[in-house]
Structures are given as C-alpha cells and as structure tokens.
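Chain by chain, the residues run as shown.
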Amino acid sequence: MLGITKQFPGVLANDDVDLIVQKGEIRAIVGENGAGKTTLMRILYGLEMADQGAIRVKGHTVTIPSARAAIALGIGMVHQHFRLVPSFTVAENVVLGMEPRQGMVYDEDKAKEEVQELSEQYGLTVDPDVRVMDVSVGEQQRVEILRALFRKADILILDEPTAVLTDSETHELFAILRRLAQKGLTILFISHKLREVLAISDNTTVMRDGRVVGTVKTSETTARELSEMIIGRETLESAQRDRSAIEPGEPVLELQDVSVYDVRGLLAVKSVSLEVHGGEILGVAGVEGNGQLELAEAITGLRPCVQGRIVLLGKDIQNLPVRQIREAGVAHIPADRHAMGMAVDALVWENLCATRYHEPGFSGRMALAMDRILSESDSLIEEFDVRTPTLQCPARNLSGGNMQKLVVARELGPGQARLVVAAQPTRGIDIAGTEAIRNMLMDYASRGAGVLLLSADLDEILAISDRVVVMYGGRVADIGRVDASTRDKIGRAMTGAEV
Amino acid sequence: MNRHTDTEVGTETTQVQRMLPAIVLQLMNYVLILLLALAIGALIIASSGKDPLTAYAALFHGAFGSRMAVANTLDRSTVMILAGLAAVFAFSTSVRNLGIEGQLYAGAFVAAWVGFGIQALPAPLHIALAFVLSAVAGAAWSLVPILLRTRWGVDEIVPSLMFNYIAIHFTAYLVAFPFKSDTTILPGTDPINATAKLPRLMRGSPLNVGFALALVLVFVVYWFLFRTKQGYELRMVGMNPRFAAYAGLPVKRSALMGMLLSGAMAGIGGASLILGFFGRFITQFSQGYGWDGIVISLLAKNNPIAVIPAALFYAGLANGSLEMQSATQVPITLVSTIKGVIMFLVTAQFFLRYLSKRYPQWA
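Those protein sequence lines, which keep their order, are chains A and B. Heads up, the final residue of the first sequence is numbered 499 in our numbering, and it's a clean run with no missing numbers. Heads up, the final residue of the second sequence is numbered 363 in our numbering, and it's a clean run with no missing numbers.
Honestly, I wouldn't trust all of these hints.
[Said to hold, decoys possible] According to the in silico footprint, chain B covers these stretches of chain A (three or more CB under 8 Å from chain B):
hint, region
1, 346-354
2, 357-363
3, 423-437
[As the list claims (entries may be wrong)] Sample of chain B residues with no beta-carbon within 12 Å of chain A, all distances over it, derived:
hint, residue
4, Val237
5, Met239
6, Ser336
7, Ile338
[Stated by the list, open to error] Label-pair distances were calculated between CB atoms; the ranges are:
hint, chain 1, residue 1, chain 2, residue 2, range
8, B, Leu34, A, Gly53, 34 to 42 Å
9, B, Ala172, A, Lys270, 58 to 66 Å
10, B, Leu34, A, Arg68, 45 to 53 Å
11, B, Lys252, A, Cys393, 24 to 32 Å
12, A, Glu247, B, Pro21, 53 to 61 Å
13, A, His79, B, Val216, 55 to 63 Å
14, A, Gly289, B, Tyr165, 42 to 50 Å
15, B, Pro309, A, Asp385, 36 to 44 Å
16, B, Lys252, A, Asp478, 34 to 42 Å
17, B, Ile185, A, Ser87, 32 to 40 Å
18, B, Val216, A, Lys270, 52 to 60 Å
19, A, Glu382, B, Lys252, 44 to 52 Å
20, A, Asp202, B, Lys252, 52 to 60 Å
21, A, Gly97, B, Pro21, 56 to 64 Å
Hints in this document: simulated from the structure, not taken from any laboratory. All residues carry an ideal CB built from backbone N, CA and C; glycine is no exception.
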C-alpha cells in the first residue's frame with residue numbers, strides 16, 4: 001500500500017501511508033485509538049475507498065471497491081466483533097456463501113469434510129457439528145479464521161484478535177498464526193498490547209495521527225521504544241502504584257457470604273466474603289467467567305444477591321434499586337460497554353448525563369436543563385479526552401476506545417464516588433488512554449475511595465492494585481498484598497490450585 | 001482522530017449546518033423510494049391497459065389539486081397524525097403496541113358517549129372533557145397488555161393485538177344493543193350535542209380544529225420526548241434497556257408510561273374522528289387508521305415532527321385514490337400496492353445505503 005490518504009469529515013484518517021509487507025510475514029500494526037490502523041485495514045479489505053494512493057497485491061496494482069473484491073484477491077479479515085450466525089454449526093458458518101452443492105442442494109457432508117480437512121491442515125481444532133453459540137470465544141475466532149482460509153485467503157487481517165481472549169487462548173492463537181505464516185500466509189495484526197506484539201510479530205509498524213511513524217524489526221526493539229513511538233513522547237510515565245504511601249482506612253465495602261446466580265440460574269458467586277478499604281485498590285484476578293461479572297452486578301444492584309450481606313459504608317445495600325446504590329456513592333464501569341455501558345444509538349450527551357440527569361440542576365420537575373447538561377458534557381469530554389466531532393452525534397460513531405473513555409468519564413467524572421467497581425476498565429484502549437484511566441483509579445483511591453478492580457489482564461492487576469484476590473469457580477482466594485511473588489501465586493490460584 | 005475545533009456547544013448554527021446534509025440525504029432517499037414505487041405502480045396500471053399518467057394526475061388532483069382537496073387531505077391526516085404519534089410513543093420506548101386500532105375505538109366510543117350524554121356544558125369545556133376522557137379510555141385499553149409484560153414478562157405483541165378485536169366487537173355490541181340509537185339505521189350511538197362538535201375551519205370541508213390540535217400535539221410530544229426527564233427515560237429504555245437499568249433509570253415504569261401515553265394518543269385520535277367528522281360513534285368507523293399510524297411512525301423514523309409529512313402523504317394517497325378510481329377506473333387497491341412497495345423499500349433502507357456510500361461526507 002503506497003501513499004494511502006483517506007479524508008473523513010473533519011479528520012485525516014490516513015495521510016500518505018506506505019505499508020509494505022512481505023509474503024509469510026507477521027506484521028503488527030500498533031498505534032493509539034484513532035491513529036488510523038483500522039481505517040488502513042478497512043481500505044485494504046475494500047470496506048473504504050482511499051482518496052489517494054495505490055494498492056499492489058502480489059505485484060499487481062489493484063483497486064479494491066468491495067470486500068468481495070478483497071476476498072477474490074486472497075485478502076481475508078477477522079473482525080474484532082465476530083460475524084458468525086450463532087444458530088448455525090461451525091461447518092455451516094465456514095462455508096456460508098460458498099456452500100458446496102450437489103445439484104441445487106447444500107451438500108452437508110462435503111461441507112463438513114472440507115472444514116475438517118482445512119482445520120487439520122492448519123491445525124485449527126474445531127468441531128464442525130456444534131452450533132457456534134455453544135462454543136468458546138477462542139473457538140469462534142478459529143471459525144472466523146477458517147472462514148477466511150476457506151475463501152483461499154493468503155493475506156489475513158486480524159483486528160485486535162486478543163481483546164476477547166483469555167491468556168491460554170491467546171497462546172493458542174499465536175501458535176496458529178505462526179503455523180499459518182510458516183505455510184506462507186501473510187498476517188497483519190492490529191493490537192494495543194505491546195507484550196503480545198513483541199511475542200508474535202516479525203516486524204512492527206507504528207502509526208500516529210494517520211501517519212506511519214516507523215517500522216521496526218520486532219526482535220530489535222523494546223516495549224519502551226515502541227510506546228515512545230506510539231505516544232510520540234520521550235518518556236512515558238507508566239502508571240505504577242506507589243504502595244509505600246498507602247494507608248488503608250475504614251472498610252468502604254464489605255461482602256459477607258454473598259451468593260449470586262448467573263443468567264442460567266446457576267450459582268456463579270458462592271459465599272464470597274471480602275472487604276475493600278478506603279484508599280485501597282483491590283484487584284480481582286481470574287479467568288473471565290468465574291463469577292466476576294455476577295459479583296460486580298450484585299454489588300451494583302443489577303443482579304439479585306440471594307444470600308449474604310453487602311455493606312457500603314456501614315449500610316446494607318444488597319438488593320436495593322440501582323439508583324439508590326449509585327446515590328450511596330457507587331460508580332460502575334461495566335465490562336461490556338456496548339451492551340451495558342451505553343446506548344450506542346443515543347447521542348453523546350445523552351450517554352454522558354444518564355446517571356445524573358435527574359439531579360437538581362440538571363433538570364427541573366419535567367424539563368431537562370439543556371444548557372447545564374451540555375456544558376457539563378463538554379467539560380467531561382474535555383477532561384477525559386473523549387474524541388467526538390460533536391456532543392450531538394450518536395455514540396455509535398465513536399471508536400471503541402473513545403466509547404470506553406465516555407463510559408469512564410460518566411462514571412468517574414463527577415468525582416463523588418466512594419466505591420468504584422471497575423470491570424475490565426481499559427480493555428481495547430490505547431496506551432495513553434489506559435494510563436489515564438489507571439491514574440484516575442489510583443487518584444480515586446488516594447482521595448479515600450475504595451476501588452474494586454476486576455480484570456482478566458494480569459499486568460493491569462499487578463500494576464495498580466494493592467491487594468489481590470483471585471476468583472475461581474465462584475469463590476475467592478486471598479492472595480494478599482502485592483509483592484514480587486504475587487504473579488506466581490495468582491497464576492496458581494487461577495487454575496484452582498491451593499495458593 | 002482529531003477533534004473538531006468548532007465543537008463548542010451553544011453554536012446552534014454549526015449544529016444545524018451539520019445536521020442539514022443528513023436531512024438532505026434522508027429526503028433524497030425518500031424521493032427515490034417514492035419515484036421507484038410510482039414507477040412500479042405505473043407498470044401495473046399500464047399492464048391493465050390504462051394510462052398511468054392520467055391515473056397519477058387524477059391521484060394528485062384528488063389529493064392536493066384544489067383548495068378543497070387540500071383541506072380534505074388535511075382533515076384526513078388528522079387522525080393519521082395522532083395514530084402516528086401513538087406509534088412513536090410506543091416504539092421509542094420499544095413497547096410493541098399493536099393495539100392502536102383498538103385504543104382508537106375505545107377513545108372514539110367514550111368521546112361519543114361524553115358528546116351525547118352530557119348536556120348544557122359550554123362548548124370548549126365539553127370538547128376538552130371529551131378529549132380528556134377519550135385519552136383516558138385509550139390508555140385504559142392499553143393497560144392490560146402492558147401490565148402483563150411488566151408484571152409477568154408476557155410479550156405485549158399478541159395481547160395488544162387481541163385487544164383490538166375485543167374493542168371493535170365490544171363497541172359493535174354496545175351500539176347494537178345498550179346504546180342503540182333510533183336516529184340512524186346504521187348501528188351507531190345518538191348524535192353528539194352541538195357543544196361537543198369541533199368547529200370547522202373551512203366552509204364545505206370537514207377540516208376542523210382537530211387538525212390544529214394534532215399539530216400542537218406533535219410539538220408537545222417532540223418536546224416531551226427530547227427535552228424532558230421522563231421523555232429521556234423513555235427513549236433510553238427504548239434504545240438499550242440494559243443500559244437504562246445499569247444507569248438506574250426506571251425501566252418498568254418507563255415501559256408502562258410509554259404504552260399508556262401511546263394509548264392516550266390513540267384515544268384522542270379516535271375522538272378527533274367522532275367529534276370532528278362523524279358526529280356519532282358508528283361501527284367500523286376507522287379504516288385501519290391504527291395500522292396506518294404504525295407505518296407512519298416507521299416512515300417518520302420515530303421522529304414526531306416527521307410524522308406530519310408522513311401522515312400528509314398517506315392522507316393524500318387515500319384521498320387521491322378515490323378520485324383516481326372514479327376518474328380513470330384504476331382501483332383504490334393500486335395505492336395499497338404502492339404503499340407496500342414503499343414500506344418494503346423503507347425497511348430495507350434500499351437507497352440510503354447507496355446514497356451514504358456515494359456521498360460519505362453527508363452521512
């Protein structure tokens with residue numbers, strides 16, 4: 001791709017970008033949210049047309065007006081949000097649109113056979129017969145990759161493929177990618193996580209503000225050098241907790257024998273007891289799906305607590321309405337910003353005022369005080385660096401990272417919370433944004449609030465929490481204060497072993 | 001990506017400038033849809049051996065061709081606007097109210113009852129009372145389906161739909177027996193008193209103050225939905241109920257309120273026809289206006305203001321098709337075909353996708 005330029009209304013998304021990738025290479029493309037990585041890949045996959053520049057694939061200059069054209073050229077894309085039909089089987093999803101036929105009829109056996117063959121050839125284990133809705137996220141991703149391979153892709157674009165994966169699934173994915181590269185496939189890998197970029201890629205291209213800052217051989221660089229290139233600053237103040245200065249105060253939150261059901265009616269949280277003190281960040285580590293989500297939802301009033309007490313600042317709050325819990329001083333950054341953290345069709349200001357519109361000053365008996373709401377929203381997006389063209393556009397138009405910043409701005413902006421429940425607060429966010437959010441959480445703690453940090457990202461837990469518990473199978477194991485041995489202890493506890 | 005430098009709030013003009021292209025895009029979308037639908041209709045007319053152009057000329061003439069035609073179209077649009085608002089209320093709260101037709105009947109019957117049952121009240125009071133009680137009746141008729149949902153999680157689609165039949169047949173029973181009037185051979189109530197009749201706006205046309213009321217309600221509904229606390233709650237619950245629950249909004253209360261307001265609006269719509277046009281309740285008075293309302297809100301993309309042009313368009317088609325039939329023998333049902341094609345194209349966003357690709361800077 002040479003000299004690619006793409007102008008969006010008000011934004012130069014790609015500015016004279018050159019990207020040259022060799023066959024069989026794994027190329028990581030890193031950069032902040034909105035640096036133009038995704039736009040560049042969308043141009044390559046035919047979802048956008050470049051205003052200027054040329055694309056050459058295997059020596060031929062091509063135009064790619066549509067995804068169909070991209071597929072014909074052997075370019076495949078695995079999107080961040082999977083595009084699978086949940087009620088179809090794995091095999092049906094793979095062949096969808098290119099079904100093997102016998103006469104007019106879909107040839108199910110042949111489809112299964114071909115999918116099986118393909119999955120063996122590349123070592124992507126899937127069961128062709130199960131429905132996609134019944135398989136794990138990692139397996140769904142393998143189905144997506146198989147879909148691309150089935151269409152004879154030899155250039156594979158992966159947009160933040162690890163964002164939804166657990167650690168072990170990530171390892172598996174990397175093994176698969178290496179095998180694919182060995183077989184001559186070219187892999188373009190968009191990511192935020194430098195550790196993963198360093199682990200998997202041959203070369204790394206850094207983008208910033210729509211331009212390519214540089215391309216480096218991954219084996220000859222360090223995370224520090226990359227993050228400096230990404231941010232464009234000499235030094236990066238990495239958010240790290242100064243644990244010597246912490247003096248935990250009175251308990252802000254106490255859980256006593258709390259049990260919670262999940263959506264299927266199974267016990268997801270089993271008699272959990274824990275305390276969060278003022279001024280303290282308690283990290284809850286663990287593989288996702290071990291009850292963290294249900295725990296967070298029970299504390300914030302979204303899910304009934306079937307047993308036990310939840311005490312906030314000395315008052316019982318279990319099973320109170322959400323609004324009362326929020327008014328008692330709880331802020332909640334949910335794990336799923338799309339489904340819960342915002343209404344994507346609502347405007348930016350409508351999302352920002354959702355927890356406070358009813359307070360005096362923001363509305364009267366009936367009418368909303370629009371001036372006040374808009375000026376408050378404006379200062380929030382200023383303070384939290386939410387990049388949006390206007391307050392009046394649907395939140396859908398924001399990039400993923402900016403959506404998350406919007407959620408954080410709403411929850412932490414008012415600054416009155418005594419307890420912050422933060423679930424995966426930095427997932428899918430760029431480095432600067434991640435630093436900002438972590439600093440914000442530490443700031444809250446230093447002002448005496450308690451922070452409950454639920455994260456599947458061990459680095460995050462280790463970077464900012466004071467004390468750690470691990471959730472496994474609905475129970476918590478206390479790891480204690482964070483020190484040099486914490487990582488190992490967490491690792492063991494995450495698999496259910498005794499600490 | 002870089003933030004605009006001109007994003008400061010309060011600069012209304014820049015916001016309008018930014019909104020304008022999106023509106024132009026939508027308008028182009030609708031114009032193209034209309035042209036394609038008319039073209040398909042023309043093919044059908046031509047295939048039956050008639051001249052499409054004369055038929056369409058008659059259609060347009062019947063709808064908007066004279067002062068009288070325009071007045072009649074405005075009159076016809078009154079109930080359509082109100083039914084459209086009813087649907088807007090329901091769908092912006094994601095309450096699937098398929099009972100608008102029945103709520104129309106409930107409101108209409110109560111309006112007639114108040115109209116003939118109460119004597120010697122000053123006209124403004126009498127009219128106001130009739131409208132208020134018909135709104136209550138429409139809301140009451142929507143109560144059971146929505147309570148089934150908020151209390152027991154029963155999907156409101158089927159119950160609200162079934163309540164249409166109860167309303168239609170129960171009112172038919174009422175006018176056939178307890179309220180049977182000797183003044184008409186049709187099954188209907190006694191005529192309403194003069195004090196309950198909506199004043200006409202134009203000599204020779206049924207156009208009456210009901211139309212003005214509908215216009216006022218359009219702006220009230222707009223204000224309510226977009227500028228009040230309760231309206232905000234309604235819309236957030238409609239857009240993402242999980243988000244609304246998470247933020248602490250009253251989800252169930254909002255669903256209940258959305259449905260009741262929808263029913264009330266439908267009740268007022270029914271009353272406008274009785275007090276403004278028929279002068280008494282008769283069976284089968286509504287020609288599916290409740291269903292028109294649902295389609296109109298779809299055309300209007302749930303925007304109360306856009307309900308006005310959508311309803312005018314529908315009313316124009318209804319009135320124009322009558323003249324088309326009498327002048328050119330092209331049957332009224334052709335208009336249903338055109339409506340069907342339009343519905344199809346609107347829901348499929350047929351041209352919109354093409355247009356926003358062609359003019360990405362406007363999307």
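Right, here's what the structure says about each hint:
1. Check on the region 346-354 of chain A: 3 of its residues sit with their Cβ under 8 Å from a Cβ of chain B, so the three-residue criterion for coverage holds.
2. Requiring three or more residues with a Cβ within less than 8 Å of a Cβ of chain B, the coverage given for the region 357-363 of chain A holds, as 3 such residues are present.
3. Judged by the Cβ-Cβ criterion of 8 Å, the region 423-437 of chain A is not covered by chain B as claimed, because only 0 of its residues qualify and three are needed.
4. A cut-off of 12 Å between C-beta atoms contradicts the statement that Val237/B is not in contact with chain A; the least separation is 9 Å.
5. Not every C-beta of chain A lies more than 12 Å from that of Met239/B, the closest at about 4 Å, which undercuts listing it as non-interface.
6. Non-interface status of Ser336/B relative to chain A is upheld: no Cβ of that chain comes within 12 Å, the nearest being about 32 Å off.
7. Consistency note on Ile338/B: stated as away from chain A, and its beta-carbon is indeed over 12 Å from all of that chain's, at 30 Å minimum.
8. For Leu34/B and Gly53/A, the Cβ-Cβ distance of about 39 Å falls inside the hinted range of 34 to 42 Å, so the restraint holds.
9. Here the CB-CB span from Ala172/B to Lys270/A is close to 60 Å, well matched to the stated 58 to 66 Å.
10. Between Leu34/B and Arg68/A, the C-beta spacing of about 30 Å breaks the proposed range 45 to 53 Å.
11. The hint said 24 to 32 Å for the Cβ distance between Lys252/B and Cys393/A, and at roughly 30 Å that hint holds.
12. Between Glu247/A and Pro21/B the beta carbon distance is about 57 Å. The supplied range of 53 to 61 Å therefore holds.
13. As the Cβ distance of His79/A to Val216/B is approximately 48 Å, the hint placing it in 55 to 63 Å is violated.
14. Here the CB-CB span from Gly289/A to Tyr165/B is close to 47 Å, well matched to the stated 42 to 50 Å.
15. Checked against the hint of 36 to 44 Å, the pair Pro309/B and Asp385/A passes, with Cβ atoms roughly 41 Å apart.
16. For the pair Lys252/B and Asp478/A, the beta carbons lie near 39 Å from each other, so the given range of 34 to 42 Å is met.
17. The hinted range of 32 to 40 Å is not satisfied by Ile185/B and Ser87/A, whose Cβ atoms lie roughly 57 Å apart.
18. In this structure, Val216/B and Lys270/A meet the distance hint of 52 to 60 Å, their C-beta atoms being roughly 59 Å apart.
19. The supplied range of 44 to 52 Å is broken by Glu382/A and Lys252/B, whose beta-carbon atoms lie about 36 Å from each other.
20. Evaluation of the 52 to 60 Å hint for Asp202/A and Lys252/B yields a pass: the beta carbon distance comes to about 55 Å.
21. Distance hint for Gly97/A and Pro21/B: a CB-CB separation of about 34 Å, inconsistent with the stated range 56 to 64 Å.
Hints 3, 4, 5, 10, 13, 17, 19, 21, counting from the list given before, are not met by this structure.
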